[in-house]
Amino acid sequence: MPKLSYLKALNRALGDEMAADSDVFVLGEDIRVAASNLTAGLFDRFGPERVLDTPLSEQAFTNFATGAALAGMRPVIEFQIPSLLFLVFEQIANQAHKFSLMTGGQCKVPVTYVVPGSGSRTGWAGQHSDHPYSLFAHVGVKTVVPATPADAYGLLLSAIRDDDPVVVFAPSGALGVREDVDFSTLAPVPLGVGRIARSGSDVTVVALGHLVQDALAVADELAGEGVSVEVFDPRTVYPLDVEGLAASVARTRRLVVIDDSNRTSGFGAEVLAVAAERFDLAAPPRRVTRPDGAVLPFALALDRAVQPGRDQLLAAVRGVLTSGGHR
Amino acid sequence: MTSVDLYRTVRLIRRFEERAIEFVRSGEIVGGIHPYIGEEAVAAGVCAALRPDDLITSTHRGHGHVLAKGVNPARMFAELMGRESGLNKGRGGSMHAADFGLGILGANAIVGAAGSIATGAAWAHRRRGRDVVAVSFFGDGAMNEGMLLEAFNLAALWHVPVLFVCENNGYATTMPVAGAVAGSITGRARAFGIPAFTIDGQDPEKVLAATTAAVQRARAGKGPTFLECLTHRLDAHHTFEHRARLSYRSAEELSAGWSRDPVEIQGARLAAEDRAAVDAEVEALLDAAAGIALGSAHPDPAAALEYLYASPEVMR
Ligand SMILES: Cc1ncc(C[n+]2csc(CCOP(=O)(O)OP(=O)(O)O)c2C)c(N)n1
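Chains as they are written, first to last, in our numbering: chain X, 1 to 327; chain W, 328 to 643.
Next up, chain W with everything else stripped away, as it sits in the complex (with noise of 0.2 Å):
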């Protein structure tokens, strides 16, 4: 992985997000979104370090992650939008977008519940003889869900395959991680014997390097590992905040967020004629995709219960 993959994936998501965020404007996606932005680098550089037949399980704000994990932007474009040929059929929309073919067992809403599910997966697999590791991304908040310390428990009692990764923005919606976690993040880890690091979550390639060798260690049987990555959610915790016009953190504590902004930091390596080709590369591949997306098919609504059962079923 190149530090120019690694650019690439840090800019597709964030103007994959800020074309999301005007849909959500003019009204082309409902229910709006949780925005991903200033927190780009974590999903870049942990997807980065996994196979493609790893797997990851996502969150609320989870459209960064399963960009970097390789989905088609118009396919995830196209869910967003409630379409027919959306990654989820339009069936799922923002918050639990899934690509079974490339590894992504869903974004979750439900803050927390997705640790254990990574946790089942990865070992099924490795009871199944394959040497796949799965990533279970979360926030600071979830840090407080007693079902994902039970998570910790099952994984590092049973050395499972799983790699836990916590996007410690600062917030759990208006909540300050400081009025919130009592002892530290990293110390609920360490106290199941899960190896547990603080890093960086601004810089692909630190995270990167982190997730490698957690990554390595998983295959080689030694069981999961913590990462703690400090980041910055530099936008609203959903757009509907805009209107809520919530007041809980000062324009200096943002301003400073935006001063180690991950596109500007990972761009900064690149040479100015390459940045601007990944650019235009960019924002090519998303006009094509909004453009798929917008002139895609709605669902039948006689079709609004397909998919509800896997096996055939009658239902009245």
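With the rest of the complex left out, here is chain X (with noise of 0.2 Å):
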């Protein structure tokens, strides 16, 4: 079978899409060479009405994609770097997200918001490294985070079908991820549903993007002390699949989360609330993530030191299968 790398899969699924719908168009900064590779081919293909390279403008072109938006457009727009969404946080909070609501269902803003590229880069410290899904889960944006090559096609094409506005972060950890993938079974992934990466039966461990890698990882480990370690991935933060959730925790009852974003009102808190309200647990869960209010550090042993990791992940499973009632 052929070998479909992350982010030669997101690039087939914005060519796919854009080849099905004429409405769709790429817009963002260096994107006819394709710096990031993510519109790779694409210029060739579509032209530059349809792979729009934009000035560094991002709050006037962010807006521009919500017009094109309300007059029947589907933009995708890439972002070079993730904090690029702090400066169009207003953009997309605001104005986007907020239009279908204020003009009593009017209009719709089908604008798709793709950075490859999120969470630490390695070596390129503070002002390139966040991650910062959380906050857009907080106002109601939908937010994907695919954690595989098939995912990450699936959940594009979803994503830009889709009437909302949704962002979706392709990890940098994960973007050099391949797996064997049958093209011809390539198809979208709903939002909101999540997978099971692995079935276990002694705890389950939610993770994300490229932590699912090191949830498997830990789990292979944790097998050969006899531990099984269930591996949730709920591919979309928001919405998120709380039904899937709990079917995997009504069979495990303990519960991890991993988390690359900050700890306090982070994507791994708002797991760790789901199960405090909803689920019957063997022993109080756990959730491994930066530090509150982490700045990523530049020395590369300061960088790995604030991301959540493999040992962490490790001690924080430990940590809930012996603690509480017996398993």
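Just so you know, the hints here were simulated from the structure itself, not pulled from any lab data. Since no wrong hints were added, every one of them can be taken at face value.
Heads up, incomplete: computed chain X residues facing chain W, CB under 7 Å, no partners named: (1) S57; (2) Q59; (3) A60; (4) F64; (5) T66; (6) A68; (7) L70; (8) S100; (9) T103; (10) Q106; (11) C107.
Pair by pair, the computed Cβ-Cβ distance ranges are: (12) W:S511 <-> X:R32: 29 to 39 Å; (13) W:G506 <-> X:S83: 28 to 38 Å; (14) W:H625 <-> X:V295: 44 to 54 Å; (15) W:T501 <-> X:T264: 34 to 44 Å; (16) W:H625 <-> X:A246: 31 to 41 Å; (17) W:E591 <-> X:D53: 43 to 53 Å.
Here are some chain X residues the structure puts well away from chain W; computed CB gaps all over 12 Å: (18) M1; (19) P2; (20) L216; (21) G226; (22) R263; (23) A269; (24) D280; (25) A283; (26) D303; (27) R304; (28) V306; (29) S323.
Virtual Cβ for every residue (Gly too), placed ideally from N, Cα, C.
Join the two chains into one complex using the hints; note that each chain is given alone, in its own frame.
What follows is the structure, given as structure tokens:
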């Protein structure tokens, strides 16, 4: 079977959807030459009106996309670096997201915002290493973090077809992931539906994006010790697949979440709150996150120290297995 | 568009606003409004130059733009009163009034935000083969928002059929334009290669003439035009201003403004009996509109988050 890389999957989804729907176009900085590879080949295929190289004016081109969407198009914006989302938070959270309700349902704003390379890029330091998915979930903007190439393909397709604004975070730690894929099976993946990345019976580990790889590695390691870890990948941060998560936790009754965002009010906090409200757990749940208010320091060892990693996850899983009642 | 039509529009906007201020005082409108009194000639002249399928984006001070583009005053009153029959089903209020069927992409409460929305919408229509023009209204205060200047750049660069209409009423809330804008307003637009003109914003016919030329230019594919309309806001920034008792302009300045009232300027062009007939017509229309709005239902609180998503979604 051919290998598909995560970045190539995003590129393929974009190309397929542009070919299928002439209202889809992409805009962003340096996308004509595909500086990030997300848009590789698209300029030659679709031309300058559909692959729109923008000046450095994020606030205007983000609202420009909203205006184009109000006029019936389906823009996809590529953001070069994740922190640009801070610059356009107003345009997404306060404009695009609010238009439908504020107009009493007169319009829709089907814009997709893609960040190929969110989270730490290793060596890019403080202003290039954010992973702000929790912010968008908090304001209610649909937020997607695919973990695998097939999901990257299918979720981006669904994001573009969705009638609301959707932010798609492609973690830099996942861009290089490759998997064997029968291209004929590539299909849209619905927003809000998680998947069991590995089944197990002793504990549910919730992981997103590149952290799914880490969770699977930890599950392998613990399998050697006779511990059975289930890895649940929600795929979309918002809306969250609470039912899928509930079904997993009903089997395992133990829960750990690993989340590459800051601790306070982050995605991990949300998963634990859902667990407290709805699940019958045998032990207090745990979360592995970036620290509160974290800024990624430059030096490699410091960068790694701030991101949630396998050792912390291992310790957290062991912790929930030994606390609470017997398993 | 005749002199009578232009007069009808300025008079409609004026009387609509005066009634809306009364509804703020009586508590029928909660949250207050930003009165457009004194600036009516801009909305009337600009919108008179547009086709029904042309687009506008508006501001926090948007009643005049929306009325001039043709909305039903009953639905506009109902929106201000938060009723289900309002333009936005009571979900938007004064600062978000929209009617997509009339090309009104919404008033926008973030100063300077809509210039880029209008630019994107106009670009998209052209790409789809329609010769639609978009107008973005904004105040002098917006000229200091970087996002708006970015929009000028995109519009000029891509020859987008959009008109930037700056309503220079001399103040951003209480900040005088001289204390806020370095250089000149038109100079900023010209720096992007956009033809920019300063016009008398109190005379609807002058506004109409300037806008007609700009619309022709846009439809011919020649890109954006910038109009700085010199005007006067003759009432408060917002209806709460009277309570706050803000002091930032003199009585002389205000009375000088009133000496160039657009309703009088346009009204003087009509025969007395024609003018009286329009006044009576507007009064009857607004009586009926206010009655319809006051009699219409309030939204069901259980539907407070209806329309949040365009695609069906189950939220917790
Ligand atoms: C970006 C932004 N900053 C501040 C405000 C608060 N605010 C609302 S109206 C206004 C003044 C706007 O002045 P101007 O653009 O000249 O329009 P005018 O009120 O004179 O019509 C301000 C500061 C806002 N709504 N948006």
